[in-house]
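Protein chains in written order, with this note's numbering: chain A, -2 to 818; chain B, 14 to 304.
Calculated from the structure, these hints are not laboratory results. Owing to the predicted nature of the structure, the values given are computational and were not obtained by experimental measurement. Each residue gets a CB set at the ideal place from its N, CA and C atoms; glycine is no exception. One or more hints might be untrue.
[As the list claims (entries may be wrong)] To give an idea of the chain B side of the interface with chain A (calculated C-beta under 10 Å), a few residues:
no., residue
1, 105
2, 144
3, 168
4, 286
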Amino acid sequence: MTNLHLSFEDYVNAANPTDEMVGEDGAIARHWQTLVDKLAELSTEDLNARTSEIHRLLQENGITFDSSTDQYQGWQLDPMPMILAEEDWRFLQQGIVQRQKLLNLIYKDIYGPQTLFKEGVLPSNLVRRQKSFIRERVNRESKVPDLFVTAMDIGRDKNGQFKVLADHCQCPNGMGFLLENRVVNRRVMGEEFNELGVQRISRYFQLLQQHISDQVAGANDPRVVILSSGPSHPYYPEHAYLASYMGYTLVRSRDITVRKGKVWLKTLQGLRPIDVILRWVKDNEIDSLELNEYCPDGIPGLLQAVRSGNVKVINPLGAGVVESQALMPFLPAVAQRLLGQDLILESRKIQWLGNGPLDSKARLKTLDGVPVKYDPTEPMSDPANFYNEYDVNLTTAPFWNDGEFHRKAFFLRVFMVNTKDGVYVMPGALCQSVGSDTWVKDTWVRSSQPIESELPLPKTNRNPDIALVEGAVPSRTAENLYWLGRYIERGEGNIRIIRQLLDRHSEVTTYPDKQLQQVVDLFTIGMQNGQLLYPYLHHPAAIAKDKRINCANTINDSIQGSANVGNLAQTLNAIYATSFEVKDLLTDDSWRFVDDIKDEERWLHGRAKSLSTSNVRSALDRMIGYIMAFNGSTADSMPNTNGWFLIEMGRLIERSTQLISQLNFAFAKLLEGTAQTIMIDEILQTQVSLITHRRRYRIYQSVATAIELLVLDAEYPRSLIYQLQKLQELSKKLPAKKHSGLMPDHQKALLKAVTRCHLTDRDTLAYYDDAGQRGQLIELLDDVKAQLEAFDEQLLINYFSHTKKAQAISWANLGSAQDEI
Amino acid sequence: MRFKVTHKTQYQYAESVSLTQNQARLTPISNHRQLCINSEVSISPKPSYVDNFIDYFGNTVTVFEVPTLHKELIVTSTSEIELIESMVNSVPPDVYPWEQCVQFLQLPRNDFELEASEYCIPSPFIPLNVALREFALISFTPNRPLVEASNDLMHRIFHEFKYDPVFSTISTPILDVLHHKKGVCQDFAHLAIGCLRSLGLAARYVSGYIETVPPEGQEKLEGADATHAWFSIYIPEYGWYDFDPTNNMNPTDQHITTAVGRDFSDVTPLKGVIFGGGSNQLHVAVDVTRL
């Protein structure tokens, strides 16, 4: 048990004055003292425990997870905050506000009168060379909008000077991450937070929301959306978090369409107008029609809609041009020209090659900031496309990791919002270490003034989501919810079957029994040929006669065999992926269970073969538990909002499909003697109906009674007809596409299926011919399956189909004009 | 001189298109050398939305949307253009050595030069590089007057390059054109622009039409004319002056301009995003008639 007091002492003794925690006299700096005193009472174990707590909380929210690589990101949030002295903050604030004003004026000038070019204060061709200079946005007559949300990366060099390392002017990343870090950090370090007099950040988000509301003031039922490029974006969890935190609909470009010069959201109910877009898609990727470079994620026609004033992109287009580092060397002159002031916050040293020579001591970058390798001996054909970036020797701060403090260079990302009352700087920052793995801290800005009483945080709109209450479910979201339902049910069904076979297999290995062995073999074959598991083939694929029936291998394959489409691992991954797509709609609890499911899958990965049966068995049990918990949590929190019925519909369709396939497998052909009885029990067991069946039919149990219970009893919740009737009920929630007096095709399909079940009876279905075939049962199952497929197809065509992909065409017929004249 | 131009573009799709959004640059520009008297763009099937705007380069853009299922899209522009006689026949005074023109563009003395300097930098289809510069320097000998040197460059392209409609596509890089010495009007224009910009001069792309005269005694065939492309150079204190490397001439009264830009990507006559459609086929017919 080491006392933290000693850790601090060691750190300070070894550090030099270029560390933030160390004052000029070599002792702990004054503004850190309170925190250090407070923490000195703790042990290293205490701080480690807080680190794990943070990790757990962040993981639950999924924000540390990078879906594109399926890996946990290098993010690691430190319980130990960065502390900023009040006087440093005052200086920074002043400098940030000035610089922000300046960048805004530059933005407005570049897209407006271009005075800076005319006077030669800013090289015109430096701007015109940039990809993010959106020529389509230049408008010398009308008013250019203001920048909205922006950020700056600021570090302190070893001479104590703050330097701006980067400006982010169009869609700065990290804001949601900062917010989430603050929430977690405050939970873990609550006592210290309160004692230190830390400035609150909630006002920032209120101003953000306020400004957005001002844009749509007076509009009747305005719709604001957050545009993200989707789960492949490394900050997608943050987009989802912000969307649900602020209560806006999270959309992707495919959810949006431009019609008649206006922007619309494609919803289950049809097209709904959009008034304001807060975009997290970059300038040069936003319009696949107008912009020169085709961008697959663009919204064709968006620029025209913006130009016609039919939609507001609130973080304005073309703003990327002012964030280029190549502009930095010109800012002092521009500040003099536009503000008549010295630039308070200096930029890092940058040299544009249009204005100076290549420098081998610096890093070479393109105007878009992409690092380039260069060969000083080779003449550059177009040097003005590049700039030199010089390193900044940054100060360090203590980062807690593995039981000790590490000294790491860092910078702060500070966020601003431009409102009608001027620039507001969020009093706080994301503190990021520089180096191979990124460590992150919350930044506490201290204040000697009494902290303004905490305004209530904007209401988190997690439950229920506004978009859903309004009834506007984006079609893509609807489709994802539907598939989530199907995968969840598929996962549950598969686990039950695998678990059961596992049990019977160990039973028959211990107590050999010929009849039971026959059923185990049948089950094994049923799994191998995709009858009992997805893809639920109705007419099983033939298996080569000589293929050995190996139950253990089959089980392993069905968990993660690469040849098995729809093995359990794939299904669980699909649950994760579809949940991720609708992450902004899930409650924290629901998401936690999804995360747990994914953890189990990860744990099992590549290990199933080497694990003991009981280990696999208990992993399967845990998974079933999480799936049931997930079902419970969604059923609990979302039953009344529009759109969630799609999960239920997905589950019902999947369950019906499973049931049909299993019944066909078990009863299509007569089995002899005890094998038949065992088979009845096994099927009832996988359908969680064994006990009901026993109680109800006692000594009369037979194939006929099993069929009655599992197919025909409309009041029994696990019967086929029950699922179909439930589907009928839910399908009425789908918005009508026809005159209300006419039955839509998808309902007709269900009606046929339900009627088909009603008009038969158990003895007809249980009847078998001389060859042992139950022809009537097979026919019924075939019919119902066909109707379900028809229903599914109608759903796809009528409700999910406008998620079609676009292609670009370009006219390219040129040049037969070499005529003699 | 007044011309009537009909430009018909027809797309045929293998499968139905459910929605298409388009931008057409088919309305001839009005500038120092011509006036567009009237112009109409008609679209079939009937669009649900049509709007116009003037783009960054001064071209008129027709924006339209067709939301009905279709397998064929026809866009026809019909325009009357008056060439300004005094301008199309004027020849700029060739007073400045090309090096001095480069300097003017580097430190623009007025708004015209500032605007023109945009055409000194690379654009999507035209990168700058040493090979282009070296090719250009053969014509641009020290202190040679700008127009004289440019005409020499144009002559060299005309004589050294083979007109070959099979060789190039829309995306053939200009370095390939330089290497193989083959291409069509668009390639020659792009190549020349690249050469001039590599020297620091301002050059832009011009799309348009050229009047063709049938051999004596024969009727002119309908739709036999074609779209054409050439380039234009900024001459200090004069303005833009055109060069047609495909025909080795400075356009006078037979060249009608549709649009100008940095390169082809800025003046694409018709571009769109379609939903559905599968593969497509394109037919273009142009008629230029002297009125």
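Each hint tested on the structure:
1. 105: With a minimum Cβ separation of about 22 Å from chain A (threshold 10 Å), the hint on residue 105(B) is violated.
2. 144: holds (8 Å)
3. 168: Cβ of residue 168(B) sits 15 Å from chain A, so the hint is violated.
4. 286: holds (4 Å)
Against the hints set out earlier in the document, violations occur for numbers 1 and 3.
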